[in-house]
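For reference, the chains in residue letters:
Number of protein chains: 2
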Amino acid sequence: MPTVSPLAPTSFPALPEIAGVRLAVAAAGLRYVGRTDVLLAVLDKGTTAAGVLTQSRCPSAPVEWCRARLSAGSARGLVVNSGNANAFTGKSGRAAVKLTADLAAKAIGCRPGQIFMGSTGVIGEPLPAQKFAGVMDDLVARATPDGWMDAAKAIMTTDTFPKVATATAKLGDATVAINGIAKGSGMIGIDMATMLAFVFTDAPIAASALQALVKEGVVDSFNAVTVDGDTSTSDTLLAFATGAARARGAPAIARAGDRRLGDFRRAFQQVLDSLAEQIARDGEGARKLIEVIIEGATSKRSARRIAWSIANSPLVKTAVAGEDANWGRVVMAVGKAGEPADRDRLSIWFGDIRVAHRGARDPAYDEAKVSAYMKQAEISIKVALGLGQARDRVLTCDLNEGYIKINADYRS
Amino acid sequence: MPTVSPLAPTSFPALPEIAGVRLAVAAAGLRYVGRTDVLLAVLDKGTTAAGVLTQSRCPSAPVEWCRARLSAGSARGLVVNSGNANAFTGKSGRAAVKLTADLAAKAIGCRPGQIFMGSTGVIGEPLPAQKFAGVMDDLVARATPDGWMDAAKAIMTTDTFPKVATATAKLGDATVAINGIAKGSGMIGIDMATMLAFVFTDAPIAASALQALVKEGVVDSFNAVTVDGDTSTSDTLLAFATGAARARGAPAIARAGDRRLGDFRRAFQQVLDSLAEQIARDGEGARKLIEVIIEGATSKRSARRIAWSIANSPLVKTAVAGEDANWGRVVMAVGKAGEPADRDRLSIWFGDIRVAHRGARDPAYDEAKVSAYMKQAEISIKVALGLGQARDRVLTCDLNEGYIKINADYRS
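Chains A and B, in that order, are what the protein sequence lines are. Read in our numbering, the first sequence has 31 at position 31, and its numbers run on one by one without any break. Just add 1000 to the spot in the second sequence (first one is 1) and you have our numbering.
Quick caveat, the hints were computed from the structure, so don't treat them as lab data. The reader is advised that the hints may include incorrect statements.
As the list claims (entries may be wrong) - Dumping the calculated DSBU-like pairs for lysine-lysine here, alpha-carbon to alpha-carbon at most 30 Å: (1) B/K1405 x A/K382; (2) A/K215 x A/K131; (3) A/K405 x B/K1369.
Unchecked claim - Partial list, derived from the structure: chain A residues whose beta carbon lies under 7 Å from chain B: (4) G90; (5) G124; (6) S232; (7) T233; (8) A321; (9) K336; (10) R343; (11) S347.
Using N, Cα and C, we set each Cβ at its ideal position, and we do this for glycine too.
The task is simple: from the sequences and hints, build the whole structure.
Right, here's the structure in full:
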């Protein structure tokens, strides 16, 4: 295993129990030796489900399974495995998904259509789902309301640290909790990533309302993170609301527009933002977290596209790796984005230091000052286009030998 | 200087003289020490000019200068420097371009508007064009019809070998020659690259016809090469036709549709193809040349976009660097391209070895055989989509520590 990313959080929050959620992990021996590789979350009756899935035209079998289950939006179990993505596995992949759902449904006592799943790891290898048969009953028997950190660890692949986040919110007079776990390190690109994220709450929220929350929540969190611009066949964000807080007086929410959702919406976004940022902090080989801010664009969409052009540029990312304030490469990336930009209005900052102003190097440019800034672990690159009012922000990491080493060896 | 790319041509063609073209190089001391950094091509009266330039919204000053000169299409001189791109240099950049044109025009005895130019190197540093004053008269005095290899060397930046190509063609009863030189190694992306290429012929071809030839010629040559997906502020392809072959009986060509152009068109394309391939072979740090072929697409445009998605994927490129036949990453790249693709019709080959067939691993998949293939220096990845008849091909190179080392240090 690689050493832990230098950008990893220095401490992990203690995740509280979520009423209606029980967790267990096991080592099914899918690929890894000496570590857990399967997570089961058992969900109480009445749990609603929502989610967004990869836009890949070649999605994995579990992605197709989940997509078909989201319209009903009823969940009793979640099975996640690492080591094998069950992607591009044809008929055998579909059979493996069906078998997994049957095994979990039988053990939990629900319909197979109430089982959600996620798989991450190698593409193209048949998933030996029969291995789940040996552990499923035991998983259900051992499932407990704690063990969130173990759950986050069981779903890791090239991740160097487990990703967890938690928040509480007022819903009516009750306090509800939101826990999230995620994995993702490489194949992290625009509009989702090789990224699995699962968020759980005890708030009573109807599936359609939860779906709306997820859709609006990903825009500036998971969809605003890139490591290598590569989008996987398996990207999955699922949210589950058990509704258990209703017993404590939380109002049942039927619509996303319900005003009582205000504080929940904030807390939910906070969990998504935290998980997404942790993925950037664990970008394969990452030593620098890079925030790209675009201001003065003609639209948010245009700002986002320019931000991606910078954040996905190998030349910008290697320059940051080399602690080189190479703003010329930022100009290059703005120019190639194909979006409205006027060289002679363009200004660029590294941190608080303006390096370029209105189409030329800043008259006060001080190489020593900028070079000192570039030695920091978190680098902010801001571009002011001077064309409009729209703004956007995305996160990425540097590109260095670590990424190459991981990806020239690892069969993902 | 880096060592020469292992993918470099093993021999260089001897470039013949082109009647009407004389060349000279000098060390103007713009940035480099102990090497030449400026090329002057003196062109006889009557030379026509055509070209395509970067689509960057933040083009360099010389790109803007050339774009404005192409409509007249009359050339007497070409000045190219390495070490400084004169990009994002604001007013001083425009002044430097004007000064360069004035100096060259005075030395040659023509109008400044007949001087074309190209600059490559650092972005954002003012170009000290007054340094050309000291060498321009001498360059004109020393210009000779040979020295093509020296010309190619003077315009190199991170290139590890000079790029030259030559071909002859029958035009009417005369034989005409076409010579090309190019530079480019990083910041090589879709629709041109940090790439300068200059092609010269003695054929008598009107500027508008030459322009049409250039436009059709780049589609499957320079526009089908990527190293890192980054497009520079300076990409320039210029073609010059001196018309000197008219004295040897070559017919004057006014329109690109002229049937007599058939053999010339073939030879011209051959020169562009060769130069473009050499750029891929000199991709920064490249150890593997990768050919990506898409078949069975719904349109050429769709095939091209899928090909780019594969050729620009860091995960595909690092897998090839690691000699890993990781076709799962090819599936990923097809899936993320956003173009029509049906997983269950998809087949993938590495070289002649089919690794995936109709949405799953090929039943005859033989890891040892594929692994042996991946050790070669030239890797072909073919994807059959099974949807239509369109096909495309692009070239790229692997992504390894060499690219990182070059770009985390080099201020380009």
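To see whether the hints hold, each was checked on the structure:
1. B/K1405 x A/K382: holds, 25 Å
2. A/K215 x A/K131: Not OK: A/K215 and A/K131 at ~34 Å, beyond 30 Å, violated.
3. A/K405 x B/K1369: At roughly 24 Å apart (the allowed maximum being 30 Å), B/K1369 and A/K405 satisfy the hint.
4. G90: holds, 3 Å
5. G124: Since the shortest Cβ distance to chain B is 5 Å, the answer is holds.
6. S232: holds, 6 Å
7. T233: Since the shortest Cβ distance to chain B is 6 Å, the answer is holds.
8. A321: Since the shortest Cβ distance to chain B is 5 Å, the answer is holds.
9. K336: holds, 4 Å
10. R343: holds, 4 Å
11. S347: Cβ of A/S347 sits 11 Å from chain B, so the hint is violated.
Of the hints listed earlier, those the structure fails to meet are numbers 2 and 11, in rising order.
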